[in-house]
Amino acid sequence: MNKRADRQQEIIADEQIIELYWKREERAIQETDVKYGQFLFRIAYNILHNRSDSEECQNDTYIGIWNAIPPTRPVVFPAFITQIMRRTAIDRYKEKTSKKRIPSELTVSLEELDNTLHSSDSVCSECEAKELGKIISDYSRGLSDRQQFIFIGRFYMAEPVRNIADDLGVTSSAVYKEIDRIKQGLKLYLEKNGVYV
Amino acid sequence: MNSAMIDGITNIDEDLIEKYFDLKTKLMEGKSKKEKHIGCGGR
Numbered sequence: 799m800n801k802r803a804d805r806q807q808e809i810i811a812d813e814q815i816i817e818l819y820w821k822r823e824e825r826a827i828q829e830t831d832v833k834y835g836q837f838l839f840r841i842a843y844n845i846l847h848n849r850s851d852s853e854e855c856q857n858d859t860y861i862g863i864w865n866a867i868p869p870t871r872p873v874v875f876p877a878f879i880t881q882i883m884r885r886t887a888i889d890r891y892k893e894k895t896s897k898k899r900i901p902s903e904l905t906v907s908l909e910e911l912d913n914t915l916h917s918s919d920s921v922c923s924e925c926e927a928k929e930l931g932k933i934i935s936d937y938s939r940g941l942s943d944r945q946q947f948i949f950i951g952r953f954y955m956a957e958p959v960r961n962i963a964d965d966l967g968v969t970s971s972a973v974y975k976e977i978d979r980i981k982q983g984l985k986l987y988l989e990k991n992g993v994y995v
Numbered sequence: 002m003n004s005a006m007i008d009g010i011t012n013i014d015e016d017l018i019e020k021y022f023d024l025k026t027k028l029m030e031g032k033s034k035k036e037k038h039i040g041c042g043g044r
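Protein sequences appear in the order of chains Y and B.
Remember, the working numbering sits 798 above the position in the first sequence when you count from 1.
Remember, the working numbering sits 1 above the position in the second sequence when you count from 1.
Treat the hints as calculated values from the structure; they're not laboratory data.
A hint or two may mislead.
Just so you have them, the derived chain B footprint on chain Y, three or more residues with Cβ under 8 Å [as the list claims (entries may be wrong)]:
id, stretch
1, 819-828
2, 884-894
3, 943-953
Which residues of chain Y face chain B? A partial, calculated answer using Cβ under 7 Å [said to hold, decoys possible]:
id, residue
4, Leu-911
5, Lys-928
6, Ile-934
7, Ser-938
Okay, the calculated bits of chain B under chain Y, using three or more residues with CB under 8 Å as the criterion [claimed, not checked]:
id, stretch
8, 4-11
9, 14-21
10, 24-32
Idealized CB from N, CA, C, for every residue including glycine.
Please build the complete structure, drawing on both the sequences and the hints.
Shown next, in the form of structure tokens:
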């Protein structure tokens, strides 16, 4: 019981965690779990909406981090592990949605983007995922800090709108309005770059 | 489901994710300062 409380007080700096990975000490995974376990679980849960799947993805993510560091030395550790977690959870999401619809935040946030990009299969063949990622990144860079926070929070982290609103200290409807503006802008930007809508 | 959009967003540049965390940290710091301030005022 007290052990957990003690552990929580022993949260170490990201640089130290990265160093443990470089030294190939398994404690690196424990430290990652103590500091970011709940956070990583939430990302997976926002996408999958299933406890055991999210836990499995979390474990796969720890293995992914272990395999990636070294050689990688992440500059911003939470951003780095978030990318691994998202990719792992998205793979699981695709696997599951090929069978049935998942009522997750990701599904809802994608439905919000439905009018932005149609005919996904044809677009995919015309514009590779990486290229599309670049275009979306360029568009995002043109947004204000606040809009970027909403865009990444909603569509990358699959955060519920109420959480984003809470972070920004505004109402959910204000965030929805901003999402609408971002979507419209993205649609125009994609069209401008030859991505068919 | 829009799989092109999922893949596109999954592939956005890392610096944008880093900036998101930076903004989030700043917002959290601002929030806790505000809470501390309210806490002091209430005493």
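For each hint, the structure was consulted:
1. Given a C-beta distance limit of less than 8 Å, the hint that chain B covers the stretch 819-828 of chain Y is violated, as 0 residues qualify and 3 are needed.
2. Residues of the stretch 884-894 of chain Y with a Cβ under 8 Å from some Cβ of chain B number 5, which satisfies the need for three, so the listed coverage holds.
3. Only residues whose beta carbon comes within less than 8 Å of a beta carbon in chain B count, and the stretch 943-953 of chain Y has 6; three or more means the coverage holds.
4. Taken as an interface hint, Leu-911 of chain Y checks out: its beta carbon lies about 6 Å from the nearest beta carbon of chain B, inside 7 Å.
5. A cut of 7 Å between beta carbons decides the hint on Lys-928 of chain Y: the least distance to chain B is about 5 Å, and the hint holds.
6. Restraint check, Ile-934 of chain Y versus chain B: the minimum CB separation of about 5 Å is within 7 Å; hint holds.
7. Residue-level restraint check for Ser-938 of chain Y holds (minimum Cβ-Cβ distance to chain B is 6 Å; threshold 7 Å).
8. Residue count for the stretch 4-11 of chain B with a Cβ under 8 Å from a Cβ of chain Y: 8. That meets the three needed, and the coverage hint holds.
9. Counting residues of the stretch 14-21 of chain B whose CB lies closer than 8 Å to any CB of chain Y gives 7, which reaches the minimum of 3, so the coverage claim holds.
10. Remark: the stretch 24-32 of chain B is confirmed as covered by chain Y, as 5 of its residues place a Cβ nearer than 8 Å to a Cβ of that chain, reaching the required three.
In this structure, the one hint that does not hold is number 1.
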